[in-house]
Amino acid sequence: MFNISYPVWDSAMFAYTISSHILLVSLSMGLAIMVTIAEFLALKKKDKYYDTLAYKLSKALVIFFAVGTASGTVMAMELFLFWPTFMKLVGEVSMGPFYVEVFSFLLEAIALPMYVYFWKDFKNRWEHWGLSLAVTVGTYLSAFTVTEINAWMNTPNGFNVATYLTTGKVTDVNAFAPFITASTAAEELHMSGAVYYAGIAMILGYLIYKYMKTKNMPEKMIYRRGINIAAVFMILDIIYLGITGSDELSTLMVIEPIKYTALELDLHATVGTSFATMAPERLFGVLINHKLSYSLSLPYAQSLLAFPTTFGKGSIPGLIPLTTYNGVTDYGVWPPSIVHDTLDLMVGFGVLMGFYWLYVVVQYFRKKDPLSNKLTLLGGIVVAIMGVFTMEDGWYTAEVGRVPYIIRSPTPGGVMVNGHLLVIHGLPQYGTMTIAQAASTSPIVFPLGIAIIIFYIIIFPVTFYFAGKVMKLSNVEEDLKLGEDDIKMEEERKSRKGVAAKAGMR
Amino acid sequence: MTNLLYGINFDVLYLMVVIASMVTMFSTELMAVVPIATKFKSDKTRINVLSYIVPVWEVVGTFFVLWLVDMENIIPTLMPSISYALFPLFAVFIFFLVVRNSFIIYAEFVWHENKHFDERKLYIVYTIATFIMGIMALSILAAISSGYGVHLYGFGTESAIPYSFSYTNFSVFYSNLGVIGFIIGALILANGIGMVFYRLTDINSAIGRFLPLMLVIIGLAIFMPSYYSITAKDYTVNSALIVIPIVLALIIPVLYAFKQTNSIASYKPFIILITIIALTFIELREYPYVFGNANISAYIPAVTTDSSMEYLAFLISLFGGLWLVLMMIYYGYVSNHRIAGLIPKRPEEKKSAAPKQ
Chain A
1 MFNISYPVWD
11 SAMFAYTISS
21 HILLVSLSMG
31 LAIMVTIAEF
41 LALKKKDKYY
51 DTLAYKLSKA
61 LVIFFAVGTA
71 SGTVMAMELF
81 LFWPTFMKLV
91 GEVSMGPFYV
101 EVFSFLLEAI
111 ALPMYVYFWK
121 DFKNRWEHWG
131 LSLAVTVGTY
141 LSAFTVTEIN
151 AWMNTPNGFN
161 VATYLTTGKV
171 TDVNAFAPFI
181 TASTAAEELH
191 MSGAVYYAGI
201 AMILGYLIYK
211 YMKTKNMPEK
221 MIYRRGINIA
231 AVFMILDIIY
241 LGITGSDELS
251 TLMVIEPIKY
261 TALELDLHAT
271 VGTSFATMAP
281 ERLFGVLINH
291 KLSYSLSLPY
301 AQSLLAFPTT
311 FGKGSIPGLI
321 PLTTYNGVTD
331 YGVWPPSIVH
341 DTLDLMVGFG
351 VLMGFYWLYV
361 VVQYFRKKDP
371 LSNKLTLLGG
381 IVVAIMGVFT
391 MEDGWYTAEV
401 GRVPYIIRSP
411 TPGGVMVNGH
421 LLVIHGLPQY
431 GTMTIAQAAS
441 TSPIVFPLGI
451 AIIIFYIIIF
461 PVTFYFAGKV
471 MKLSNVEEDL
481 KLGEDDIKME
491 EERKSRKGVA
501 AKAGMR
Chain B
1 MTNLLYGINF
11 DVLYLMVVIA
21 SMVTMFSTEL
31 MAVVPIATKF
41 KSDKTRINVL
51 SYIVPVWEVV
61 GTFFVLWLVD
71 MENIIPTLMP
81 SISYALFPLF
91 AVFIFFLVVR
101 NSFIIYAEFV
111 WHENKHFDER
121 KLYIVYTIAT
131 FIMGIMALSI
141 LAAISSGYGV
151 HLYGFGTESA
161 IPYSFSYTNF
171 SVFYSNLGVI
181 GFIIGALILA
191 NGIGMVFYRL
201 TDINSAIGRF
211 LPLMLVIIGL
221 AIFMPSYYSI
231 TAKDYTVNSA
241 LIVIPIVLAL
251 IIPVLYAFKQ
261 TNSIASYKPF
271 IILITIIALT
281 FIELREYPYV
291 FGNANISAYI
301 PAVTTDSSME
311 YLAFLISLFG
321 GLWLVLMMIY
331 YGYVSNHRIA
341 GLIPKRPEEK
351 KSAAPKQ
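Which chain is which? The protein sequence lines are A and B, in order.
Everything in the first sequence is counted per my numbering, starting at 1 for the first residue and increasing by one.
Everything in the second sequence is counted per my numbering, starting at 1 for the first residue and increasing by one.
Bear in mind the hints are in silico, worked out from the structure with no lab data behind them.
Treat each hint with caution, since some may be false.
Stated by the list, open to error - Taking lysine-lysine pairs in the BS3-like style, the calculated list, with each CA pair at most 25 Å apart, reads:
1) A:472 <-> B:121
2) B:268 <-> A:120
3) A:120 <-> B:121
4) B:268 <-> A:469
5) A:291 <-> A:210
To be verified - Label-pair restraints from in silico Cβ distances:
6) B:277 <-> A:3: 52 to 60 Å
7) B:295 <-> A:172: 30 to 38 Å
8) B:326 <-> A:126: 47 to 55 Å
Every residue gets a Cβ at the ideal spot worked out from N, C-alpha and C, and that includes glycine.
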């Protein structure tokens with residue numbers, strides 16, 4: 001119809017939807033945890049500014065949640081409509097995480113309306129705060145369980161893959177296994193930090209912008225508290241992300257060597273026994289005729305990062321040996337080489353952001369207020385944009401690194417049977433299901449896809465504009481009065497409880 | 001055949017309850033379409049309808065996902081064929097789902113100073129989107145129940161042909177009187193029950209008290225024979241079960257007609273519970289077949305998931321279901337004992353409160 005194949009169209013559509021969706025997800029997750037922390041601090045410190053911050057952010061949360069819910073439902077339906085073969089296998093083997101995800105989603109969807117719409121009606125403010133915690137837990141569990149499915153796609157388990165590839169039949173199903181696969185732990189650890197980092201980065205950017213723009217002192221106080229929460233969170237998170245990111249790459253090297261070697265563009269294997277044989281870290285570059293060109297090389301760096309405990313001594317696999325069978329290299333199973341550049345961008349931006357936060361920490365310990373320096377504030381906005389870009393870039397790297405497969409192999413380097421690579425009709429099996437096998441071939445995917453593209457193009461800017469407008473229009477004095485009332489209400493409840501306890505009226 | 005119903009798998013029964021809950025929750029929104037579209041400025045609409053709809057629409061959306069995931073979980077081998085056959089209906093449904101969510105949230109928080117659109121216009125778009133979603137949802141249910149015009153491949157005896165060949169001939173489907181009766185009857189029923197649910201009629205007048213009952217009787221008179229006809233084939237063993245939903249549907253408007261009982265009749269958790277039970281029995285009536293008039297009927301026990309997945313689904317359904325019920329009870333408690341405060345005041349109210357210059 002458009003001279004584009006179904007698998008390419010389906011993949012492009014899904015990539016488009018999910019890259020939009022994760023923006024909403026990360027922002028919602030960031031808002032949820034910010035609201036929970038802000039209201040907690042408000043109640044603990046009896047600070048009306050924190051309470052008002054929580055109230056303002058909760059309005060944005062409900063707006064993004066609304067559009068995020070729609071987007072999430074679109075995603076669920078898209079999976080079912082665009083990837084029927086894939087979903088059939090998921091339904092037969094690894095539906096468990098998706099099923100738990102729905103209940104997490106319900107927890108979030110039921111707690112959030114109560115939290116926001118009945119804000120003023122809770123006399124016990126801790127009970128109200130508990131609802132925000134439920135929203136935070138719900139949003140996190142949703143992301144966690146969806147990542148479990150993603151990990152299963154990288155290292156599938158819970159059924160006999162060799163039989164499935166040979167006969168097309170799903171046998172030996174263990175429905176509990178997909179909750180924990182070989183790649184689950186490393187992926188979950190890194191995802192948790194990355195999604196929160198990006199979500200809070202967006203909020204930080206907004207708060208800094210408002211802080212710089214407003215002349216109203218009480219409003220400045222509200223934004224200042226928000227910036228403080230976001231900055232502390234992001235400083236701790238960037239350290240965490242460095243550690244888990246390194247762990248993720250080390251795990252990939254062992255359990256998904258084809259993806260790892262494509263990310264690092266290690267075409268040949270390296271056995272790092274001494275400095276002379278250690279693998280360098282290759283920065284950027286392109287593959288020309290399956291050879292790396294125009295890249296920068298940092299000697300020893302890859303081996304040292306991969307094997308820090310043995311000072312770089314260890315073996316690093318190579319893409320060519322991994323995809324060569326009977327002397328023939330199958331270049332068709334190589335992930336697109338651009339994933340190497342996107343990985344380098346992700347790490348590079350991560351390092352730059354780390355330097356920015358280090359500067360902020362140093363300023364803080366030198367007792368200089370980072371918020372009084374315009375350049376530091378502008379740097380914060382740049383870091384916010386970089387944070388969002390880095391998350392999208394990281395997601396792209398992880399997903400495109402699995403191409404041309406939608407479900408990779410349970411064993412490193414391909415589907416192994418008794419220690420040997422499974423070969424069917426002379427073809428070695430490097431994965432379980434290709435994107436082409438999984439994609440829908442219904443002609444209606446084209447008009448539906450176009451409708452979704454147009455709609456997202458309209459809905460996203462409108463929603464962001466709308467949320468900004470809603471937050472801007474709320475009256476600061478009224479909001480602060482609400483914050484004050486909330487604190488008073490909790491104080492009164494406590495004192496009533498205290499009097500009742502003293503009078504023996506438990 | 002009757003024994004099959006007694007031996008029904010827990011997961012399938014759970015799926016039926018999920019479908020019944022989803023349809024019930026969504027129906028409460030569908031019931032609000034007419035009052036919001038026609039009497040937006042009426043206090044009854046604002047107090048009785050919007051104060052319910054505004055928080056609950058977020059919960060309703062998640063029931064769609066619960067249904068979809070549960071279907072994938074319980075009948076994975078049938079789902080690809082359904083996906084191809086009913087793709088257009090699902091596609092329109094999700095498109096308008098995005099419209100519905102976006103416009104209701106814009107309507108909730110719209111600011112009064114803007115010149116281009118107002119709260120009412122945004123809510124009207126929401127009602128149009130909800131109405132189209134309702135038509136699509138009813139069409140999907142009618143297609144699954146009847147199978148008219150549906151051609152399924154890729155499972156059972158037709159498994160030699162790939163499931164990507166599955167399709168629906170919509171001219172056959174929508175020209176069937178039973179299907180049309182199913183959709184129209186359900187809409188009339190929803191409006192009849194909706195009048196009680198939102199207390200939209202004047203209970204001091206005889207017309208106000210009996211109008212919902214009349215609509216429910218008309219709705220039932222169209223819906224039930226239609227449903228019976230589209231699902232009837234050669235397996236009418238569970239037909240007696242159809243009496244239960246009829247009685248339950250009538251209880252609500254009958255109780256509403258009397259002063260002593262009209263408050264219990266319009267008690268929302270009561271109506272929701274009664275509707276879920278009624279819909280579950282409607283579904284049980286056609287067990288164990290769906291797509292009865294398609295090129296091939298789907299025999300449910302033959303397409304349900306394997307034992308390991310079944311056990312996992314049982315555990316998650318049990319604990320998740322209990323958790324969901326508890327959350328909904330808490331939600332019911334909170335919403336019944338407190339008043340939602342975020343519905344924006346009407347502009348004229350603000351103006352009248354402001355001092356004259």
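Comparing the hints with the structure gives:
no.	hint	result
1	A:472 <-> B:121	holds, 23 Å
2	B:268 <-> A:120	holds, 23 Å
3	A:120 <-> B:121	violated, 28 Å
4	B:268 <-> A:469	violated, 35 Å
5	A:291 <-> A:210	violated, 49 Å
6	B:277 <-> A:3: 52 to 60 Å	holds, 53 Å
7	B:295 <-> A:172: 30 to 38 Å	holds, 33 Å
8	B:326 <-> A:126: 47 to 55 Å	violated, 19 Å
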